[in-house]
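J.: Single-letter residue listing:
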Amino acid sequence: MEVKITEKDNVMTAQLIGRLDTAVSQQVATEMQPVIDQADKTIVLDCKELAYISSSGLRIFLTVRKAAASKGGKVIVRDINNEIRQVFMMTGFLNLFEIQES
Amino acid sequence: MAPKKVLDSVTRLAARQGLLVMVIAIFTLEATALIQYFYSQKILSEEANRRAQGQLEATELQITGVMDQVETAVRNSLWSVQQELSRPDSLAAITARLVSTNPVISGSTVALTDKNLAPYSFSTADGTVQTSSLATEAYDYKNQEWFLKPLELQGGYWSEPYFDEGGGNMLMTTYSLPVTDKKGRVAAVFTADVSLDWLTNLVGNVKVYPTAFSMLVSRTGRIMVCPAETLVMKRTIQEIAATMDDSASFNALNRSMLSGESGSTTFRYQGKMNYMFFDGVDRTGWAMSVVVPEEEIYGAIQRLGRLVALLQLVGIVLLILLLYHVIKSHRDLRMVSENKSRIEGELHVARGIQMSMIPKIFPPYPERGDVDMFAAVVPAKEVGGDLYDFYTREEKLFFCIGDVSGKGVPASLVMAVTRSLFRTVSAHEKSPQRIVTTINDSMSEMNDANMFVTFFCGVLDLRNGHLRYCNAGHNAPVLVMPDGNRELPVEANLPLGVVPGMSFSEQETDLTTGTGLFLYTDGLTEAENPAHALFGEERMLAALSGKLGSHQQIDAMTQAVQGFVGDAPQSDDLTMLYIRFMNNQISEETERHLILHNDIQQIPQLAEFVEAVADVAHLDVGLTMSLNLALEEAVSNVIMYAYPKGSDGLVDIEAIIRKGELEFIISDNGTPFDPTAAPEADITLDVEDRPVGGLGIFLVKNIMDVVKYTRSDDGKNILSMIKKLA
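Going down the list, the protein sequences come from chains A and B. Here the first sequence is numbered in our numbering, starting from 1 and rising by one per residue. Here the second sequence is numbered in our numbering, starting from 1001 and rising by one per residue.
Chain A on its own, in the form it takes in the complex (with noise of 0.2 Å):
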């Protein structure tokens, strides 16, 4: 599992490759600390090489959604595959996050 993050033009860009289970959650955790520090900002999370998420995943991503939600920042899910699209189906993730298509 690796995180790239990347900031330009004030929008946070953190893109996920490779499988995010709960044995490597707790290192993206620390891993995406600065993207949550900055929660005012736009934060976009790069799904496009995202296999497979498990609920401490989901745990992550809705951390990231709070806090930009109390900074006034906004995030957006990028290219998410289709059976992480289930997960979030089943886990009411779709109404939280905004999806997007690249």
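If you are wondering where the hints come from, they were derived from the structure by calculation, not from laboratory data. You may find that some hints are simply not true.
Stated by the list, open to error - Calculated pairs, EDC-like style, for lysine to aspartate or glutamate (alpha carbon to alpha carbon, straight line, at most 20 Å):
1) A:K71 to B:D1689
2) A:K74 to B:D1689
3) B:K1396 to B:D1682
4) B:K1701 to B:E1661
5) A:K66 to B:D1682
What the hints assert, rightly or not - Simulated restraints, written as ranges between beta carbons of each label pair:
6) A:D9 to B:N1669: 37 to 45 Å
7) A:K8 to B:I1595: 43 to 51 Å
8) B:D1682 to A:K8: 56 to 64 Å
In this text, a Cβ means the ideal position worked out from N, Cα and C, and glycines have one as well.
Got chain A sorted already, so can you dock chain B onto it with the hints?
T.: Then chain B, alone, in the frame of chain A:
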């Protein structure tokens, strides 16, 4: 050693033996013929000698008989002559009587020694006897041989033959006997003239052989009787000898002849060998001889010898021809048999290579419950061009069957090429249509020999029974189902290798569980019985049954065709491939186990485990990921909360694959905890109100159909999760 050299040495050996046989045969023939020839010649020579000597002796006896007659007649008259010596006038009466009473004696005289008196009586042509006198001046009888010799010898004397020119031109001889008077003095010579005309006939008739001739010579060598009348009394044998080719040996012959001996000799006259047999007439000192040309004696044997030699020559020529033919055909035969055994050996190897290319281990996938297949090739004596092949890749069964036109090594080579192309092309191509099209393009390009292959290629998805297939001119396979058989509908298309760039059509169908696909080559339907009837499709369909497993089905078909064919020789390969689709036939439970430590870093192992189980159960990617998520949530729950922090504990995960459902049982020895008892997460809440946790068990419950917690009596948390499968 190269076959040619072997042949050469074999041929040389055969030629040597043949030559030896020839030499022995010729030697035996020649020796036999020569021995026979010389032996026959000896017998003939002895026979000729015997016959000649016999004739000569008989002739001598006759001559002697005449001589005796004359001598006796003269002696009988001798007394009268002695009495009348004193009365010479009466002497003529005695000689006249002698002549008239002895027809052999043609004339007679008594010539006195002291007087000139010699009355002579002679028979005339008309049979009368006349008398004259020899005491003429012109004749001077006292100087004649017939007068002098008896006086000199004081006994009887036969004169040299002579021609009586006066008395009738006859060959004559005269017997003279001295006559003594009463005082014992020689007073006269008493003679009897004998005509020798009869001798000519007598001796001339001594014909031992048709071309033989006889001669009579006087003691001085004068020829008396001879076939050449011009020589008679004019030549001597010595004169004749001088004209001979080998006068020296002829002279020796004359000497021995004229000395009264009997015997035989040979002489060469005018280039031809002659045998001369001779015998003396003792009384007169004459010598008789019979001359027989060698040709006459040995003519028959020589003619026979020439015939035998000719026959032998013909025989030897025939023998040589026969020998040559035998050696040649022997060599040809050797060559043919050497070539034949070499080709047979190579064909045997080719057959071995060919057979090693097709899968032969059945069942090929004993661990798979989704396919049941069996195949059989009943090879013809000759190497054929049938092929089949199959393998699995990505849960798909790739298979093909084909029949190369023609037989022998070319067909087997094309078969090998086709099989290799199938493997190569299908390794990265899932569409039978594209597999067949690509193989066809490759084969058409290099098809200089104009050989083609009927080919059927199929790809069966073992997860769901979906069959995609493409036919290239092969017999339609048969779908075997519990309720009956029918041909798989196929587009005929053209065989492989005919038209490059040809586009083949692909077809598809779905096989239901238990459906069999029977593929075959025309060696099956065209198998002939001894009456040349074909096995045919009807018999084939009758032998197919949906109730049989693949192995029994192939055995049943083999028996059916063998029962039909009987002893008839098999002319073509007979290939059968039977594939039964058996998905969803997982009657027995399949179980998988995984034991993890309570370490969250072991979660990836769980993911692998779930994917392996999903693979066995043939689950799609979406369902696999959902199950993975459910399992991860349940298991990570145990890992993180069941055991006190820092203590080691285990989590046992068991997967049970049943027909239509999948059960996971997660058990641990940790503190009692019922995850199902947790409150339902409210997914309708706003962002601000939603708790970040509690989604895990929510996902488990959502994904799985049944989630049940039990605390076992031996202190285990047992969470059972069941997912129903469509």
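J.: Confirm or reject each hint.
T.: Comparing the hints with the structure gives:
For the proposed pair A:K71 and B:D1689, the alpha carbon gap of about 16 Å is at most 20 Å, so the pair holds. Proximity of A:K74 to B:D1689 is assessed by CA-CA distance (about 17 Å); at most 20 Å being required, the pair is judged to hold. Under the criterion of a C-alpha separation no larger than 20 Å, the hint pairing B:K1396 with B:D1682 is inconsistent with the structure, at around 44 Å. About 16 Å separates the Cα atoms of B:K1701 and B:E1661, which keeps this hinted pair within 20 Å; it holds.
Proposed proximity of A:K66 and B:D1682 is supported: the alpha carbons are some 16 Å apart, at most 20 Å. Against the hinted window of 37 to 45 Å, the Cβ-Cβ separation of A:D9 and B:N1669 comes to about 55 Å, which falls outside the hint. At about 48 Å, the CB distance of A:K8 to B:I1595 agrees with the hint of 43 to 51 Å. In this structure the supplied range 56 to 64 Å is violated for B:D1682 paired with A:K8, their Cβ-Cβ distance being about 37 Å.
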